[in-house]
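Chains A and B, in that order, are what the protein sequence lines are.
Read in my numbering, the first sequence has 37 at position 37, and its numbers run on one by one without any break.
Read in my numbering, the second sequence has 127 at position 127, and its numbers run on one by one without any break.
Among the hints, erroneous ones may be present.
[Stated by the list, open to error] Computed from the model, here is a short list of chain A residues facing chain B with C-beta under 8 angstroms:
{"#": "1", "residue": "L14"}
{"#": "2", "residue": "W51"}
{"#": "3", "residue": "T55"}
[To be verified] Derived pair list, reagent style EDC-like, types lysine to aspartate or glutamate, alpha-carbon separation capped at 20 angstroms:
{"#": "4", "chain 1": "B", "residue 1": "K110", "chain 2": "A", "residue 2": "E28"}
{"#": "5", "chain 1": "B", "residue 1": "K6", "chain 2": "B", "residue 2": "E139"}
{"#": "6", "chain 1": "B", "residue 1": "K110", "chain 2": "B", "residue 2": "E35"}
{"#": "7", "chain 1": "A", "residue 1": "K74", "chain 2": "A", "residue 2": "E36"}
{"#": "8", "chain 1": "A", "residue 1": "K27", "chain 2": "A", "residue 2": "D53"}
{"#": "9", "chain 1": "A", "residue 1": "K74", "chain 2": "A", "residue 2": "D53"}
{"#": "10", "chain 1": "A", "residue 1": "K74", "chain 2": "A", "residue 2": "E58"}
{"#": "11", "chain 1": "B", "residue 1": "K18", "chain 2": "B", "residue 2": "E104"}
{"#": "12", "chain 1": "B", "residue 1": "K154", "chain 2": "A", "residue 2": "D53"}
{"#": "13", "chain 1": "A", "residue 1": "K25", "chain 2": "B", "residue 2": "E35"}
{"#": "14", "chain 1": "A", "residue 1": "K25", "chain 2": "B", "residue 2": "E104"}
{"#": "15", "chain 1": "B", "residue 1": "K107", "chain 2": "B", "residue 2": "E35"}
{"#": "16", "chain 1": "B", "residue 1": "K110", "chain 2": "B", "residue 2": "E5"}
{"#": "17", "chain 1": "B", "residue 1": "K4", "chain 2": "A", "residue 2": "D53"}
{"#": "18", "chain 1": "B", "residue 1": "K51", "chain 2": "B", "residue 2": "E136"}
{"#": "19", "chain 1": "A", "residue 1": "K7", "chain 2": "A", "residue 2": "E64"}
{"#": "20", "chain 1": "A", "residue 1": "K27", "chain 2": "A", "residue 2": "E58"}
{"#": "21", "chain 1": "B", "residue 1": "K110", "chain 2": "B", "residue 2": "D138"}
{"#": "22", "chain 1": "A", "residue 1": "K27", "chain 2": "B", "residue 2": "E35"}
{"#": "23", "chain 1": "B", "residue 1": "K50", "chain 2": "B", "residue 2": "D138"}
{"#": "24", "chain 1": "B", "residue 1": "K51", "chain 2": "B", "residue 2": "E131"}
{"#": "25", "chain 1": "A", "residue 1": "K25", "chain 2": "B", "residue 2": "D111"}
{"#": "26", "chain 1": "B", "residue 1": "K115", "chain 2": "B", "residue 2": "D149"}
{"#": "27", "chain 1": "A", "residue 1": "K7", "chain 2": "A", "residue 2": "E58"}
{"#": "28", "chain 1": "A", "residue 1": "K27", "chain 2": "B", "residue 2": "E5"}
{"#": "29", "chain 1": "A", "residue 1": "K77", "chain 2": "B", "residue 2": "E35"}
{"#": "30", "chain 1": "A", "residue 1": "K27", "chain 2": "B", "residue 2": "D111"}
{"#": "31", "chain 1": "B", "residue 1": "K115", "chain 2": "B", "residue 2": "E136"}
{"#": "32", "chain 1": "B", "residue 1": "K6", "chain 2": "A", "residue 2": "D53"}
{"#": "33", "chain 1": "A", "residue 1": "K27", "chain 2": "A", "residue 2": "D47"}
{"#": "34", "chain 1": "A", "residue 1": "K77", "chain 2": "B", "residue 2": "E5"}
{"#": "35", "chain 1": "A", "residue 1": "K45", "chain 2": "A", "residue 2": "E63"}
{"#": "36", "chain 1": "B", "residue 1": "K115", "chain 2": "B", "residue 2": "E139"}
{"#": "37", "chain 1": "B", "residue 1": "K51", "chain 2": "B", "residue 2": "D135"}
{"#": "38", "chain 1": "A", "residue 1": "K45", "chain 2": "A", "residue 2": "E64"}
Keep in mind the hints are simulated off the structure, nothing from the lab.
C-beta: ideal position from N, C-alpha, C; glycine also.
Listed below, chain by chain, are the residues.
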Amino acid sequence: MIPANVKLDCFGLLCPMPIIQTAQKIKEMQIGEILEVAATDAGIKSDMPAWCDATGNEFLGVEEQNGEYRVWVKKIKNG
Amino acid sequence: MTTKEKFNIVVFSGDLDKVLAAFILSTTAAAMGMEVKMFFTFWGLNVIRKKKMFSGRNLLQKMMSLLNRGGADRLPLSKFNMLGMGPAMMKVMMGQSRVPTIPEFIKIAKDLGIKLVACNTTFQFMGFSKEDFIDEVDEVAGAATFLNDVRQGKISYFI
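Only chain A is shown next, with the shape it has when bound in the complex (with noise of 0.2 angstroms):
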């Protein structure tokens, strides 16, 4: 558990909405404010480190429990 600043509800979408909706969420935080996605698309375990690998941002981990994952980014850059 990482305490963010900005939550996001992804429960029951499929790739790529978190991502998309991820993206669209980071544009309205500070650098270095802390998001965290909530999802039950195990893909995301994958895609959001991938994401972050391709904007520049950080990923800061993954949490899973009960087929939910709770994933965290810290928004590096904008952009």
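Given the coordinates of chain A, work out where chain B should sit on it, guided by the hints.
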């Protein structure tokens, strides 16, 4: 200031399943910070056509437009179309899993800054006019324009 990586995709197919794949990849590429262009040609133009009974200048073009109906929400499936029963069932299944419809994906694409381009050649010989297309279309262009984008692109696909 770094320039964005470019993602280009030719949407040749007007089949729901293939167009869905095109929109999934395009919107994801845009979400990953890439500059995305979707180039709609041939049957793919149906995705960005308005729902009109007839379009075209001559009789053949008008007949073709009647058979080859446009509209993002009435694309056929490449398999198991079954006179429209296949797509109807597919849309129910997509809805159950909260997968966006093609019209919803067009809106998401525009929100993400994706450019929608209509192929000039198909446009001409099918007898379409600007009024046959949805307002979301950014430009009408030819093969050289697309190839120039591909030349500078990081990823380019054809479906």
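Hints versus structure:
1. With 8 angstroms as the threshold, the beta carbon of L14(A) comes within range of chain B, its nearest partner Cβ sitting at about 5 angstroms, so the hint holds.
2. Using the Cβ-Cβ criterion of 8 angstroms, the hint placing W51(A) at the interface with chain B is satisfied: the shortest such distance is roughly 6 angstroms.
3. With its C-beta approaching chain B no nearer than about 5 angstroms, T55(A) sits inside the 8 angstroms limit, and its interface hint holds.
4. Distance check on the hinted pair: K110(B) and E28(A) sit about 18 angstroms apart at the alpha-carbon level, within 20 angstroms; holds.
5. At roughly 17 angstroms between alpha-carbon atoms, K6(B) and E139(B) fall within 20 angstroms of each other, so this suggested pair holds.
6. A distance of roughly 12 angstroms separates the Cα atoms of K110(B) and E35(B); the hinted pair therefore holds under the 20 angstroms criterion.
7. Our distance criterion of 20 angstroms between C-alpha atoms is met by K74(A) and E36(A), whose separation comes to about 9 angstroms.
8. Among the hinted pairs, K27(A) with D53(A) is consistent with the structure: their alpha-carbon atoms are about 16 angstroms apart, no more than 20 angstroms.
9. The straight-line distance between the Cα atoms of K74(A) and D53(A) is roughly 12 angstroms, inside the 20 angstroms bound, and the hint therefore holds.
10. Distance hint between K74(A) and E58(A) is fulfilled; the C-alpha atoms sit about 5 angstroms from each other, no more than 20 angstroms.
11. At most 20 angstroms may separate the alpha-carbon atoms for a hinted pair to count; K18(B) and E104(B) meet this at roughly 16 angstroms.
12. Restraint check: the Cα-Cα separation between K154(B) and D53(A) comes to about 16 angstroms, which is no more than 20 angstroms; the hinted pair holds.
13. For a cut-off of 20 angstroms, the pair hint linking K25(A) to E35(B) stands: about 18 angstroms separates their Cα positions.
14. Of the supplied pair hints, the one linking K25(A) and E104(B) holds, its CA atoms being roughly 18 angstroms apart against a limit of 20 angstroms.
15. Taken as a hint, the K107(B) and E35(B) pair is honoured in the structure, with Cα atoms around 16 angstroms apart against an allowance of 20 angstroms.
16. The suggested pairing of K110(B) with E5(B) holds, with an alpha-carbon distance near 18 angstroms, which does not exceed 20 angstroms.
17. For the hint pairing K4(B) with D53(A), the CA-to-CA distance comes to about 15 angstroms; that is within 20 angstroms, so the pair holds.
18. Among the hinted pairs, K51(B) with E136(B) is consistent with the structure: their alpha-carbon atoms are about 14 angstroms apart, no more than 20 angstroms.
19. For the given pair, K7(A) sits about 16 angstroms from E64(A) by alpha-carbon distance, which is consistent with the 20 angstroms threshold.
20. Taking the CA atoms of K27(A) and E58(A), the gap is about 14 angstroms. The hint holds against a cut of 20 angstroms.
21. A threshold of 20 angstroms between alpha carbons decides the hint, and for K110(B) with D138(B) the separation of about 10 angstroms falls inside it, so the pair holds.
22. For the suggested pair K27(A) and E35(B), the alpha carbons sit about 16 angstroms apart, so the restraint of at most 20 angstroms is met.
23. Simply put, K50(B) and D138(B) have alpha-carbon atoms about 15 angstroms apart, close enough for the 20 angstroms limit, and the pair holds.
24. With a C-alpha separation of about 11 angstroms, the suggested pair K51(B) and E131(B) falls inside the 20 angstroms cut-off, and the hint holds.
25. About 13 angstroms separates the Cα atoms of K25(A) and D111(B), which keeps this hinted pair within 20 angstroms; it holds.
26. Of the supplied pair hints, the one linking K115(B) and D149(B) holds, its CA atoms being roughly 12 angstroms apart against a limit of 20 angstroms.
27. Proposed proximity of K7(A) and E58(A) is supported: the alpha carbons are some 16 angstroms apart, at most 20 angstroms.
28. Using a Cα cut-off of 20 angstroms, the hinted pair K27(A) and E5(B) holds, with the two alpha carbons roughly 18 angstroms apart.
29. Taking the CA atoms of K77(A) and E35(B), the gap is near 17 angstroms; set against the 20 angstroms cutoff, the hint holds.
30. About 12 angstroms separates the Cα atoms of K27(A) and D111(B), which keeps this hinted pair within 20 angstroms; it holds.
31. For the hint linking K115(B) to E136(B), the alpha-carbon distance of about 9 angstroms falls within 20 angstroms, and the restraint holds.
32. At most 20 angstroms may separate the alpha-carbon atoms for a hinted pair to count; K6(B) and D53(A) meet this at roughly 16 angstroms.
33. For the suggested pair K27(A) and D47(A), the alpha carbons sit about 18 angstroms apart, so the restraint of at most 20 angstroms is met.
34. Our distance criterion of 20 angstroms between C-alpha atoms is met by K77(A) and E5(B), whose separation comes to about 16 angstroms.
35. Taking the CA atoms of K45(A) and E63(A), the gap is about 9 angstroms. The hint holds against a cut of 20 angstroms.
36. At most 20 angstroms may separate the alpha-carbon atoms for a hinted pair to count; K115(B) and E139(B) meet this at roughly 8 angstroms.
37. Using a Cα cut-off of 20 angstroms, the hinted pair K51(B) and D135(B) holds, with the two alpha carbons roughly 13 angstroms apart.
38. For the hint pairing K45(A) with E64(A), the CA-to-CA distance comes to about 9 angstroms; that is within 20 angstroms, so the pair holds.
Violated hints are absent here; each numbered hint is respected by the structure.
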